[in-house]
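Given the coordinates of chain A, work out where chain B with the ligands should sit on it, guided by the hints.
Letter by letter, the chains look like this.
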Amino acid sequence: MWWNALLLALREIRRNLLRSFLTILGIVIGVSAVITMVTLGRGATQAVTDQISSLGSNLLMVRPGQRLGPGGGGFGAPQFKVADAEAIASQIGGVRAVAPQVNSTVTVVYGAHNWSTSATGSSADYFTISNWKIASGRIFDAAEERAGSAVCVIGATVRRELFGGTDPLGQGIRVKQFSCTVIGLLAAKGQGSMGNDQDDIVVLPLNTVQRRVTGNINVRTLLVSMNDDVDSTQVQAAITRLLRERRKLSAADDDNFNVLDTRQIAETMSGTTRVMTTLLGAVAAVSLLVGGIGIMNIMLVSVTERTREIGLRLAIGALEYEVLLQFLIEAVVLASLGGLIGVVLATAASFVLAQVMGIPYLFQPGITLLSFLFSAGIGVLFGYFPARRAARLDPIEALRHE
Amino acid sequence: MNAVSVNGQNAAAPLIRMRGVTKIYGQGIAAFQALRGVDVDIEAGSFVAIMGPSGSGKSTMMNILGCMDTPTSGDYLFLGTHVERLTRDQRARLRRRYFGFVFQGFNLLARTSAQENVELPLLYRGEGTAARRAAAREALASVGLAGWEHHSPAELSGGQQQRVAIARAIVTHPRVLLADEPTGNLDTRRSYEIMELMRALNAERGITVLMVTHEQDMAAYAGRVVHFLDGRIDGDGAPQPPARAETV
Ligand SMILES: Nc1ncnc2c1ncn2[C@@H]1O[C@H](COP(=O)(O)OP(=O)(O)OP(=O)(O)O)[C@@H](O)[C@H]1O
Ligand SMILES: [Mg+2]
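Protein sequences, first through last, are from chains A and B.
Position one of the first sequence corresponds to residue 1 (the working numbering), numbered consecutively onward.
Position one of the second sequence corresponds to residue 1 (the working numbering), numbered consecutively onward.
With the C-beta cut set under 7 Å, the calculated list includes, among others, these residues of chain A facing chain B:
1. 4
2. 15
3. 309
4. 312
5. 315
6. 316
7. 317
8. 318
9. 319
10. 320
11. 395
12. 396
By construction, these hints were calculated from the structure, which means they are not laboratory data.
A virtual CB, placed ideally from N, CA and C, is assigned to each residue, including glycine.
Excised from the complex, chain A in its bound form:
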């Protein structure tokens, strides 16, 4: 009987192919929306988590200005000097290393190739603090740092854009107006949490950048790495106290700099993406429900339209539950078909979108199965009422129906 009912349902769906397709469109959209939203959301969260480890753990970022954000970084707030970095390193307990850092956008040229990238000036500690691995060559030594030598370590993207297949080590590239020898190559980190390319970078000694690129002795950021066993909030407080003192702020003044824990940023960001994922998923789930109502609507129309047919089936001896089952299975098959198409569509869409958005694609078996089962469940839920109406028809009345 189940097999027959399935057969009847499929036959009916085939008989009204276009209408069947339009009926399930709501479910298709609902299911694919839910799965796509959740998959992309999880991917984004994963990207943020990845970012934590690529930033380096137990890392504080100290920048001038009142708070981080667009336009933050503090116009007018005094910049740091190298002495500030040295003071933090020597006076605060639990600090492993401090790297003063300066960034500037520069154009780099090698032969006929040129490329706009970010020049970072810092100390040798920068590489360990920021979790950079050296793919080949070396980083600059203390003497080069002190002298402000024209040497640089380049990221994978810069290497690809400037050198293509040739070995960059020992080659000279032009950074802004001066020529600079490539002494090392950074191992690729991939994309950051915002879809930014972390490998699009040229690292030089701080002195070199200050002298030849920015033209002043300011330091933009202080990167502070802490020992594993220390409490980051205490270190944060100690740094704040020290810098307030060094910047001669009175008790009434606000901080004109800020200390950020990278892990906190990452956690905040992944928290935000999680909330977004949940919200978008909920919206998508509502559309799935709307799809179910669409199915009920069409099933009711179908029952009315097929009243004579139902009358005939009842007349030739169909039992009440057989007619009920037929329509119920038809609804469930329709809904599941919609679910199936939705799953396929969502998998393709989220794979492509993840590439475009630069976040990892993580197949979500849980939510995929869940939304498929949910769509089948919607078929049962919204198919039951029309099916019962069909099963309870009076055969004589139904046969007389125009």
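Just chain B with the ligands now, kept in the frame of chain A:
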């Protein structure tokens, strides 16, 4: 075992026995008495035509005979079973096992081949695909439609459609064939073809045929004519000789 079983039937009892059957539609002042006490016996293997003016209760009678409806009062015994005491589903089981229906309007499923239309009743009997296919083919052949299996109703003439409907009614080898104005939508020539077919089914297979008709010529095919007037039987006997015969 269940109420549908026909065990213990009286060997002398006819296939169908009605006693004091009434049918009242509606309630209160809107109530209308369509049958006013019908007593009738129908023997297995007979060919009965039901005639009478419009509104005299013929279709009401057929619906009760076919176990689609129950009398308001009175007894309807089919093979010794009190049909009026059965539930809706029990009557459905009785229909699928013993009855075939032919309607004035054919009632074939649109956009469905003749073959699939004829297979429909077998589907509810839970028969396998191969058995269904073979039985439907055979039934179509026996109504003279071999080779038309894959045509949909829209591609068939009225007479052919009614023959598909008859094939659908007999594919389950019913004991009784119920036909309410089966030739009502057909021209005279197709009507005679359908009547010949019904007579053959009655004579060769022993199927009891109960048929409503307005036309003397069609009733002439029956062995017995029951005449209705205002919800009562007012005549029961052999058919009048066909009009055709007078011209010979
Ligand atoms: N479901 C119903 N509700 C109310 N009245 C009904 C119903 N069915 C039939 N009737 C009435 O019962 C009477 C008998 O109807 P029935 O259909 O049995 O007539 P009939 O002899 O078949 O007529 P016809 O030759 O026109 O088909 C009619 O007056 C009709 O109006
Ligand atoms: Mg009638």
